[in-house]
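Dock chain B against chain A, hints included.
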Amino acid sequence: MIKIDHLVKNYGTNCAVDDVSFEIAPGEIVGFLGPNGAGKSTTMNILAGYLSSTAGRVMVDGLNVLDEPLEVKRRIGYLPEQPPLYLDMTVEEYLIFVYNLKGCTMNRTKHLEEICDVVKIKDVYKRVIRNLSKGYRQRVGIAQALIGNPPVIIFDEPTVGLDPKQIIEIRNLIRTLGKDHTVILSTHILQEVQAVCDRIIIINKGKVVADELTENINRVADGNRRYRVKICGPQREVMSMLNDRSDISYVEALPARDGEAYTYLVESAPNIDMRKSLFYTLAQKGWPMVGMEALGMSLEDIFISIVDKTGEGERVRKPGKARRGRSATDAEKDLAQAIIDSTAEAQKNIAPYEGED
Amino acid sequence: MPTYTMFAIFKKELRAYFISPVGYVYTGIFLAAAALICAYTTIQQASYSTTSYFQYMIFTFIILIPLLTMRLFSEERKMRTEQLLLTAPVSITGMVFGKYLAALSLFVATVLVSCINFFPLLSYAITERSSASSNAHVGPVGGQVLGCLIGVILIGACFIAVGLFISSLTESQLSAAVITVAAIAVMILVGIFNQYIGSTVVRTVLDWISVLNRFDRFAYGLFDFSALLYYLSISGVFLFLTVRVYEKRRWG
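Read top to bottom, the protein sequences are chains A and B. Residue numbering for the first sequence is 0 to 356, as defined by numbering that gives the first Met the number 0. Residue numbering for the second sequence is 0 to 251, as defined by numbering that gives the first Met the number 0.
No lab work stands behind these hints: they were computed from the structure. If a hint is listed, it holds; no wrong ones were tucked in.
A few chain B positions that, by computed beta-carbon distances, are all more than 10 Å from chain A: (1) A32; (2) A38; (3) S51; (4) I57; (5) V112; (6) C114; (7) P119; (8) R128; (9) V137; (10) V144; (11) S174; (12) S198; (13) R202; (14) V204; (15) L205.
Some chain B residues judged to face chain A by a derived CB distance under 8 Å, without partners named: (16) Y3; (17) T4; (18) A7; (19) I8; (20) K11; (21) I18; (22) R79; (23) T80; (24) Q82; (25) L83; (26) A87; (27) V89; (28) S90; (29) R249; (30) W250.
Treat the numbers as computed from the prediction; the structure is a model and nothing was measured. Backbone N, C-alpha and C fix where the C-beta goes; we use that ideal spot for every residue, glycine too.
With the rest of the complex left out, here is chain A (with noise of 0.2 Å):
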């Protein structure tokens, strides 16, 4: 359905999008994913028609932005970060001058009950844009993306700034539109790509550095190498004993204290289940375990950190961070860096665009 090709912008000197390709299917919903500045909105706005590439070829539907603008941008619905809504028309006069304004030839009050319906702004038809609530809006703008039937939605950034609930109604709209239009979506909250979308794209300083579909990686991350075992016994020395195992790579003790019981954070080498033999040592020291808990990996931390792989860190990395005492586990930069390179390896393979213009 779209087809990005070596797709390069430059801003003067500053290069925004630097040689990105990617493909997706038709009925896809893929989740565009990036610290800020990393070149989402840049290639989205490109993608919408709004910017126009520096070099490389983009296709919707077969067609080229370049040759036929008007087509593409008949085939696409787009939500740009701050929803373009005249304030002082009420939404019925707003969805009306949108319908108009593409030109589309189904029938009016049909259509635009119909994309109510989904959205549901019907309750706030005939009121005035300026008073609605930035929840209200932000559907609005939905709605407008959605007239004329669009086979391909974009989204940049569509639950920032609402509340909780109203981003829960929007990925679940979101995950309706799915079901037959291509969605492309652009954030950068994880869960919000782990609970909507098919298919990650990670973008870092204009190149895609991770193109996944969010099953593998979920899969890959639910592998579980990671625990938070209690032990009753004196912190020092089980610390030391956890310390010298050479199935553990990764030790720490946790603040929690449960009874006599304290937490320690436990990574496993890799590939090695080290739990039944912990439970043995233990039980043979006198230091009973009372508790297990596998916690699979974060999925952002691996995100972090392929981030941090291919940038400096510096600009994504939460000054919170630190004070959690935790940064990316060795299991996640594992992965982390499968992911950057099967990717690396991917993007290799693309054939080279010879341009025409």
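Showing chain B alone in chain A's frame:
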């Protein structure tokens, strides 16, 4: 060029004038100013000549046209709504023309409505004609009025194109308005002041942007084809520049 989208923008802009107070302010000031000028230049001077009425009217455009054009693009840019227009299946030319025609229509409409100022003149003329014995023509000259109307509308069309262009350059309505006031003032006043300039070269150059000089022949009731071309090309040039501003921003 798809005309339906252009029409959608045209309608929206025309409506926007009267959703906000600016359309009423513009219409009110225009009609009040026209009525005052008419009273001073004809009735109080005991004259049927409408030339100076139209000439003074052109001076009011310094304030009035910026009211019409200041928000056309700057507002869209500030509110980010231009993203909607530029990602909709509309050509940039269609967008610019839609907005231009909206401003122009409101302008032409007010100019035509202001023609009610001639009714008192006509009624004077009718009374005077019935009492006058001679066959001499009494009352406003039809050709002169028509010529002036066409001239005024052409000049307005130029100024609106200039204002539209300036509005596309900035996000702030206020700076768009101030710059447009200055630009229109220069285009009008240069015709008055360049007779004091000694150098022929400078005078010729300044004459190119003098909108007022070309109005004279319309004022005599003559249809000046070269002036028509001049006004149309000034409008065309600024509309073209506006389109270019948007194209350049896309490529920038």
